[in-house]
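Chains as they are written, first to last, in this note's numbering: chain A, 1 to 324; chain B, 1 to 324; chain C, 1 to 324; chain D, 1 to 324; chain E, 1 to 324; chain F, 1 to 324.
These are calculated hints, taken from the structure and not from any lab test. Just so it is clear, the structure is predicted and the values come from calculations on it, not from any experiment. There could be a bad hint or two in this list.
Here chain E is said to cover these stretches of chain F; the calculated rule only asks that three of the stretch's residues, wherever they fall, bring their Cβ under 8 Å from a Cβ of chain E [what the hints assert, rightly or not]: (1) 111 to 123; (2) 288 to 299.
Stretches of chain F that chain A covers, calculated by requiring three or more beta carbons in the stretch to come under 8 Å of a beta carbon on chain A [to be verified]: (3) 208 to 215; (4) 273 to 280.
Even for Gly, the Cβ is constructed at its ideal location relative to N, Cα and C.
Listed below are the residues making up each chain.
6 protein chains.
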Amino acid sequence: MKERGTADVEVHPAVEETAHQIAEMEVRGAAKIAETAASALKQQAEASTATTAETFEQEMRLAARVLLDTRPTAVSLPNSLRYIFRRIDGESVDELRESVITGTRAFQNQLASAQEELGGIGANRLQDGDTVLFHCHSTDVLSCVAAAREQGKSIRAIVKETRPRNQGYITARELRELDVPVTLIVDGAAGRYLEEADHVFVGADSVTADGAVVNKIGTRPLAVSARERDTPVVVAAQTVKLDPTTLSGHAVEIEMREESEVIAADDREDIGDIAVENPAFDVTPPRYVDAIVTERGQFPPESIVFLMRELFGTQSDQPWEQQE
Amino acid sequence: MKERGTADVEVHPAVEETAHQIAEMEVRGAAKIAETAASALKQQAEASTATTAETFEQEMRLAARVLLDTRPTAVSLPNSLRYIFRRIDGESVDELRESVITGTRAFQNQLASAQEELGGIGANRLQDGDTVLFHCHSTDVLSCVAAAREQGKSIRAIVKETRPRNQGYITARELRELDVPVTLIVDGAAGRYLEEADHVFVGADSVTADGAVVNKIGTRPLAVSARERDTPVVVAAQTVKLDPTTLSGHAVEIEMREESEVIAADDREDIGDIAVENPAFDVTPPRYVDAIVTERGQFPPESIVFLMRELFGTQSDQPWEQQE
Amino acid sequence: MKERGTADVEVHPAVEETAHQIAEMEVRGAAKIAETAASALKQQAEASTATTAETFEQEMRLAARVLLDTRPTAVSLPNSLRYIFRRIDGESVDELRESVITGTRAFQNQLASAQEELGGIGANRLQDGDTVLFHCHSTDVLSCVAAAREQGKSIRAIVKETRPRNQGYITARELRELDVPVTLIVDGAAGRYLEEADHVFVGADSVTADGAVVNKIGTRPLAVSARERDTPVVVAAQTVKLDPTTLSGHAVEIEMREESEVIAADDREDIGDIAVENPAFDVTPPRYVDAIVTERGQFPPESIVFLMRELFGTQSDQPWEQQE
Amino acid sequence: MKERGTADVEVHPAVEETAHQIAEMEVRGAAKIAETAASALKQQAEASTATTAETFEQEMRLAARVLLDTRPTAVSLPNSLRYIFRRIDGESVDELRESVITGTRAFQNQLASAQEELGGIGANRLQDGDTVLFHCHSTDVLSCVAAAREQGKSIRAIVKETRPRNQGYITARELRELDVPVTLIVDGAAGRYLEEADHVFVGADSVTADGAVVNKIGTRPLAVSARERDTPVVVAAQTVKLDPTTLSGHAVEIEMREESEVIAADDREDIGDIAVENPAFDVTPPRYVDAIVTERGQFPPESIVFLMRELFGTQSDQPWEQQE
Amino acid sequence: MKERGTADVEVHPAVEETAHQIAEMEVRGAAKIAETAASALKQQAEASTATTAETFEQEMRLAARVLLDTRPTAVSLPNSLRYIFRRIDGESVDELRESVITGTRAFQNQLASAQEELGGIGANRLQDGDTVLFHCHSTDVLSCVAAAREQGKSIRAIVKETRPRNQGYITARELRELDVPVTLIVDGAAGRYLEEADHVFVGADSVTADGAVVNKIGTRPLAVSARERDTPVVVAAQTVKLDPTTLSGHAVEIEMREESEVIAADDREDIGDIAVENPAFDVTPPRYVDAIVTERGQFPPESIVFLMRELFGTQSDQPWEQQE
Amino acid sequence: MKERGTADVEVHPAVEETAHQIAEMEVRGAAKIAETAASALKQQAEASTATTAETFEQEMRLAARVLLDTRPTAVSLPNSLRYIFRRIDGESVDELRESVITGTRAFQNQLASAQEELGGIGANRLQDGDTVLFHCHSTDVLSCVAAAREQGKSIRAIVKETRPRNQGYITARELRELDVPVTLIVDGAAGRYLEEADHVFVGADSVTADGAVVNKIGTRPLAVSARERDTPVVVAAQTVKLDPTTLSGHAVEIEMREESEVIAADDREDIGDIAVENPAFDVTPPRYVDAIVTERGQFPPESIVFLMRELFGTQSDQPWEQQE
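Chain A extracted, bound-state conformation (with noise of 0.2 Å):
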C-alpha cells in the first residue's frame, strides 16, 4: 500500500499485522486496540529508512491511514493516532522519529494506568455503606468498585441482568471477587430498585462531542427513570472513549445485533411471523448524567468537549490527510 501520488513509501509489516488483527477482531475492546494502534505506529518510526523529514512525514501518515481503514466505528483506533500526531514535532528525520516513540510511550502509559486512576477517581464519589445500581457490564466502572473497596468501604450492589446478553451476569460474578454483596433483577425492575440506590454507575461505548453517552441498551431509560428520583448518575469512560469526529456532528450509528439475541428460533417459530429487533446501544442526553468520571477527573457531560479538543484536538485536524 502506498501513499497518494508516492511512488516509494510503504508500511511496515507490523501495521499491516495490526490492522489486520484489529480488522479481524482479534484485537478488542477500545484500550487494546487503542495501545496495539499505537505501537504499531511506533514500529512503523523505528524502522523507518526514510532520509527525509517529508518522507518519514508520508510513512506515518499512510500507516494512520491503513490502521484507521480497519474498522471506522472504533473510537479509541483515532484517537490513539490523534494523540501521537499531535505530538510529532521535529526538522529531521532523527527528530521526528523521537518524537513518534516519545509521543507513543506517553499514550501507553497514559493508557496503562487510565483504568486504575479513573478508578480512584470514581471510588471517591462512593461512601461507605452506600448501595449502587450496575447496568451491563464495564471495567471502567467495576475499576471504580475495587478502589472503594481498597479503600476499605463497604459498597451493596445491585444489578440489572442486561437482557439480551445478560452481561450483568460477568458484572455480578466480579462484583463478588471484589466480596460485594449483590442482588441481581432483571432490567424491568430497575425503577423499583433505584429507591436503595444511592448512585447509578454505567460504562459507555462513547461519549460526544454534545455530552450524550453512546452506551448499551437500556441506559437512557434507567438514567430518566434516576433523575426522577434524583439518584445521580455516574458514566466511568476512560478519554479514548471521546469520539472527536462528534464535533462535526455526525450522527451515532447505532448497531443492530442478530435477532437470536433475543429468542430462540423455537420460540420464535411458535409464535408465529414476528419481526425482532435488537438495537446494541442507547443514546442519553447529558441532561440525565450527574459526571462522567475519567482518569483526568470527573465532568460534567456538557462540558467534555473540552477535554476531547485538548487530547484529541478538533475533528479538522485530520493530520493523517496530506496538507499542501
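Assemble the complex: chain A is given as a structure, and chains B, C, D, E and F must be docked to it using the hints.
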C-alpha cells in the same frame, strides 16, 4: 362454619366448594374469581331456608366472609361481593333473596360484557396506521386491539419481552392471530422504540384510590420514559380491578417471586454467592398515566376514585360485618 | 322521516326546520345550537298527537336522531338532547309531555344564565390590577372579564393576535369596550409576555373525558410555556362544551382549514411549490391546565369527567336509540 | 335580630352566645367551631315556638346567617351549616325540627369520629420502620401517627421547626409522647433530610375546589422539593377543611401576621429601617400533592371537588338565603 | 479624530468611511460587518506612516474605537477587532503591521469558510428522510440543509411563517431552491407539528456567556415545547455570533420594533385604543438547547463560553483601551 | 519540621506562625486565608538561604505542606498555593525566588481586586428597579449590589432570615447601608416571595468540578423552587471558592454544627428526648443554577471545571509532593 354468636346459620356447600377452589388457585384471574364468587353467593341465597330476614342476612354475611378469607389480596373478590351487597334490599326473606339473585345477575352480565365494551372504548383511541408499544400480557389490552382490528384499523405492535417470564411472547402470539405485525424487543430497548410508538398500552393488576396503577414490574420506568417523550400511556382495566380497600390508605403489598424465574440455578452457582430479587409488580403514579380505559368509559387516573365509590361503595362499608 | 320499523311516527316540521338550519350552519355557536335543538324537541312534544306512551317516546327518539344527524361533531347538540332525555319521566303521554317541557325549560334556563354565572366564577380568580394573557376569542372568557370589571377590578390585557384568522382583534375590541387597556402581540411573543401575566385565560371548543382541552391552535404551546413559568392557565367553558362521547375514547378529529387563511395565493405562488397546513385546533393535556371554569363552578381538568356524567349521563346511554 | 321583612322571627340566645364566642375567638379550631355552630342550630330548632313550617325555616335561616357573619373566612363554619341544611326535610314544624336534630347529630357524630377515622386511614400508608418528615403542627397528622403506633409500627420523625412560631416544637413533643424518635431541623435543612424521608405529612388549613392545599407557610417549597426527590406528599385534612366557596373561584386570601413573630423589636431596630413580612400560609398546587387523607378515605387532590359537592353541596346552594 | 492625549495620531479615511457605512446600516449582517471592519483595520495598518511601535499601536487602538462607536450592540464588530488585536505582535512597526495583516487575513479566511464548514457539521446531524422544523430565516441554518442535500439526503421541511415579518417565506423559498418539500404553518401550529419533526433548527442573533441563545421572538416557546416532546433543538451560529461582553454579565437588550409590523394602521384604528408591542427577540436558556453548531464544531450551550474565550479573549481584555 | 528524607531543610517562622493562625482560626474567611498563606510562602522564598535550586524547591514544598495540614477542607488554601506553584520557574535559586515573589504578587493582586470585579459583573445582570431575593450572607453577593447601586440602579431586597444563625440580619443591615429597601421573611416564606423576585442571588462556600454549589443550608430548596418559577439563580463566588480536589471525585463533607444553634437547651428539655440535626451546608446540582459570577466573568455551572483547571491545574498536580 357459623356466624359469630349465632348457633344455627350455615354456609351452603357451593360456597365452601368455591372458597376451596379460590384458595387452591383452581379458580384464577380477576374476572373468573369475581364471577365464581358471585355465583356461590347466589346459590347460598337460592338454597336458603331462613325464616326471618335477619337470619337470611346473617347467612349472606357469613358466606361473604368465608369467600373473602380465601385470598385477602385479590381485588376482584370483595368487589363482586360489594357490588351485590349494595343491591340487597327488602323486608322479607323472599324479597331479600330476589334482590341477591337480581344483583348477582346484573354483576355477571356486566362482567360478561365488560372486556368487550372496554375493548371498544380503547380501540377508539387508536387510529389506522398507529404503532403501539406493549408491556407484559393483558386480555383487556388485547381486547382493545381486537376491536380496533374489527374496525378495520391497521395497527403495528412493538412488544417488550417482559422478563423474567416473557409474557411478551403471549402478547406477540395473540397479536399475530389478530394479524398485527409484531416487533419484539428486550425490555431495555423500550426507551429507544418509544420514538416510533404512538401509544403505550398496558393492563393493570389493580388501580388504587390515589390513582396509582399496580402492574407487572417494568411498567413505571416505561411510563416515565413515555411521558418524557410525550407518548400517551393508556391503562386498560376492567372496573373489577379497582381496589376500594386503598380508599383507606392501605399500602399495596408487592409480591416477591421465585428467583429461579430470573436466573437458572446453574448460572447462579457459576457466578457465586449472590442474592436475586424478583418483585412481580411496580406502582406507577397517576401523573405518568394519561387515561384508564374501563368498560364504563375512560377516566383520568386522578378521578377513578369516584368510579370506585359509585360501583363498590366506600371502604367503611363492610357489609359482611355485623352492624348492631 | 320515520322511526325504524314503525309506520306512523313522524317528526314535527319545527324539528325538520331546525335540523336544516343547523346543517346549513344558519344556526352556529355551541350555545345557540344547543338552545335551538332543545326548543325543537319541546315543539315536537307539545304538538304530539300520540295516544300511547310508547308512540310518544318513539317520536321523541326519532326527533333526536334527526337533529343529531345534522352535525355529528358538534358537542353541544347531543348534550342538549341528553340533558332533556335524562329528565323524561312518566306513565302517560301527558306526564311524558310535561316532563319534556319542564326538562327543556330547565336546560334553556341553565343555558341562558350559564355564561353570566361562569363569568362571575372566573372573575373571582382575578384580582384588582391583574394582567391577563388571552389567546383567540371566547365569549366565555370575555364574560369573566366583564364580571371582573363590574366588580370594579382593574384588569390589563395582553392579547395574542392568533394567526391565521386574527381572532385576537375581536378580543381586543371587546376588551376595549370593557375599558380594559390592551397590548397586542404576535403569537411568537407570548413566551416573553408570560413574564408580565398573572393568568392565562382561554376558551375551549370542547373538553374531553380524559381532561384534555380542545381549543384554537396555539393553546397547547402557550399552556406548556405558562407551566414552565408557573403562570396559572384557566379554561373558561360552559358545560355544553363537555364532550361525553370521549368517555368512550373517541379520538378528537382536528379540522384542517383552508390554506388561503395562512398565505395569500400571490405570496404562495411567488415562493414556489410548497404545501400549507392549517389545523384549526390543538389538544392540551390536563397537566398543563390549572382549572376549568364552568357555570357549575371551577374544576381541575382531571375531575371534569364526573361533571360530564352528572349532567349528561355516560356514553353508553344513547337514549335516542330504541332499547328493547 | 330579625329576618329581613319578617317581624316576628328571632334567634335563640344560644345562637347569639355562640356567635359571640366565635367572633371573639373564644371558640377556635376548625372542628370546634363546626361543632359549636351545629349545636347552636340544634338549640334554635329545639326551642322553636314556630307554628308554621315557613316560620320555622325563617328562624333557621336567620340563625345560620347570624353564625356565618362572625368569621366569614372560617371554612368549617359554613360547612357545618350546609351539612345540616341539606338534611332539613319535612312538611310540618315537628318533622322539620326532627330533621334538624337528626342532621345535627349525624354531623356531630361524624365530627367526633372523623379525626380517629382519618388517622386510621393515614396510618395505613405508613410501614413499620418508615421515616416521616413533618411541617408545622396538625392534630390530623398526629392522629395518623398515633394510629400507626397503635398498629405497632415503629416510625421515625424528622420535624421542621417551622418558623416563625416554631409549631414544630409542639409536633416534636406530641410525637415523643407517642414514643416516636424525633430529629428536629431548621426549615432550610428540609431539602437535605428529604433523602431520608419515606413520606412528607402535612395538615391543611383548607383545600380548594381546584385541588390546591392552603397550609402553613413553607408547605409549597417543601412539596416542590419532595416531588423533585419523588417522596410522596400526604395532606391529612378532615372534610370540614374542604372549602366549597372556592367552587366559585374565589381566590384565597392569605393572612399577614405580626412582624414581631419574625424578629424581636430590638434586633430589628439594630438592623435599621427594614420591612418585615409574615404571611401565615401558602398555596400548594395539586400537582405536588400525592394524596389527601380524610375520614372518608384518601383522594387525589384533583378529585376532591366531588367529595366537596357530595358532602356540602355546590356553592350556588346558599340555603340560608331566602328563595322566593 | 485623535487618540486621547496624543496630538498626531489619525485614523485612515477607509476607517472613517467604513464606520460611516456601518453606522448608516449600509453595511449589514453579522458576517458582513465583521469582514468590513477587519478590512478597514488592515488598511489602517498598511497605510500607517508611524515611525514608532507606540504610535502604530495608538493608531490601531484609535481606529478600533472609531469602528466600535458606530453600533455598540453589534456582536460581530468587536469580535473581529478582538480576534485581530489578540494576534498583534512585534517590536517594530514593520513587525506589528505584518501581524495586523496576517491576523486580518486569518480572520477573513475563517469568515469566508465559516458558513460552509458550519453547514457541513450541521448536516451531519441530519439523516436521510428527516423532517426539520424551522423558525424565522437564518443563512447558517440553510447552509446546514444545503450541505445535507449535497450529501444526497432527502429532507422534509416544516416552516413557521414567523410573524410579524414572515421571514418563514424567505426560508420556504430558499428551501424550495434546494428541492426540499415545504409545509408552511402559522406560528401557533408549531406545537402540533413537533410530533412530525425529527429536529428543530434555528439560527441565533447572539449567544451569551451563560449559554443562552438570543434569537427571533418565538424561539423560546418553540424550544420549550420541543423539550417537552424530546425533539432536539439545534442552534446554527457562526462563532462571530458569540457575545464576549456577556462574560461580564451584561443583560441583553431586546429591541422593540415598529408596531406597524404587527397590525395595519387601519385595522388598529378599527379596534380602538390599544397598545401594540413588538419585541424582536427572545432569550432561550441553555437547558432547552441540545447543541450549538459552529464552524469550529458543535457544542453544548453550557460550554460555549470556553470557545468564546479561546477565540476572542475575555471581556476584561479591552485591547483598544490604552493600558499604562 | 523537615522535608521527608532531607536533613537540612526548614520552614520559615512566618510559615509556622501563619499555619498556627489558620489552624486556630485566628485567620478566617476564604480570601483572608488565601492571602495570608500566599504571603507566608513569599516570606519563605525571600528568606531562603538555599544554595541549590533543589534545596529551594524542597523548602517551598515543605512550607506548602505545613500550611496545607492546618485546615484540610478549606478550599482557598490549596488554591493559593497551586496558583503560585504553577508559576514557579527558573534554573537558579535567584530565578526561582523571583518567580515565587512575582507569582505571589500576581495572586494577591488578583485577590485584592477580585471581589470588586466580580461585583461589577454581577451588577450587570441587575436592572434598575429589580427585586432580588437573598439567602444567608455573602460579601461577594453584596459586592454585586454595591456595584449596582454605584451604577445608579435602584434595587429592592427580600432577605431570608436564614435560620439557625440568622445571617440574613447581617445581609439586611449591609443592604440598608447601601440604601436598599429590605423586606425580611422567614425561610419558609421564600416560595411565596419568589413571585416578586427578578433574581435569586446567593454566595458559595465552594463550587465542585461537577458544577454543584456548596452553600449555606437552604440554598438547594430555594434553587429548586426558583427554577419551578423560572426565576434565575445567580451564584456569586470568587475563583478561590472553586474546589479542584473535587476533580478527583471527592465527595463534599457537610459539617454538622452545634444543636444549640437550632434550639435553646431549655426549650429542648421542655420538649423531651429528641435529636437535633444542624447541617451547615447543602449541595445544589448545576441544573438549578443559571450562572456563577466570578471575577473572571460569568459561567454556566457545567463549564466551571475548565476555569478551575485553567487557574489551579488539575488535581493530579500535587506540586508540593516530591516527584522523582
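Three-residue Cβ test at 8 Å for the coverage of the stretch 288 to 299 of chain F by chain E: Holds: 7 residues of the stretch 288 to 299 of chain F have a Cβ under 8 Å from chain E.
Given coverage of the stretch 111 to 123 of chain F by chain E, checked by CB-CB distance under 8 Å (3 or more): This one holds; 5 residues, not fewer than the three required, reach chain E with a Cβ under 8 Å.
Per-stretch coverage check for the stretch 273 to 280 of chain F, three Cβ contacts closer than 8 Å to chain A: It is violated, with 0 qualifying residues against the three required.
Claimed coverage, the stretch 208 to 215 of chain F by chain A - three or more beta carbons nearer than 8 Å: As far as the stretch 208 to 215 of chain F goes, the hint holds, because 3 residues have Cβ atoms under 8 Å from chain A.
Consistency note: the structure conflicts with earlier hint 4 alone.
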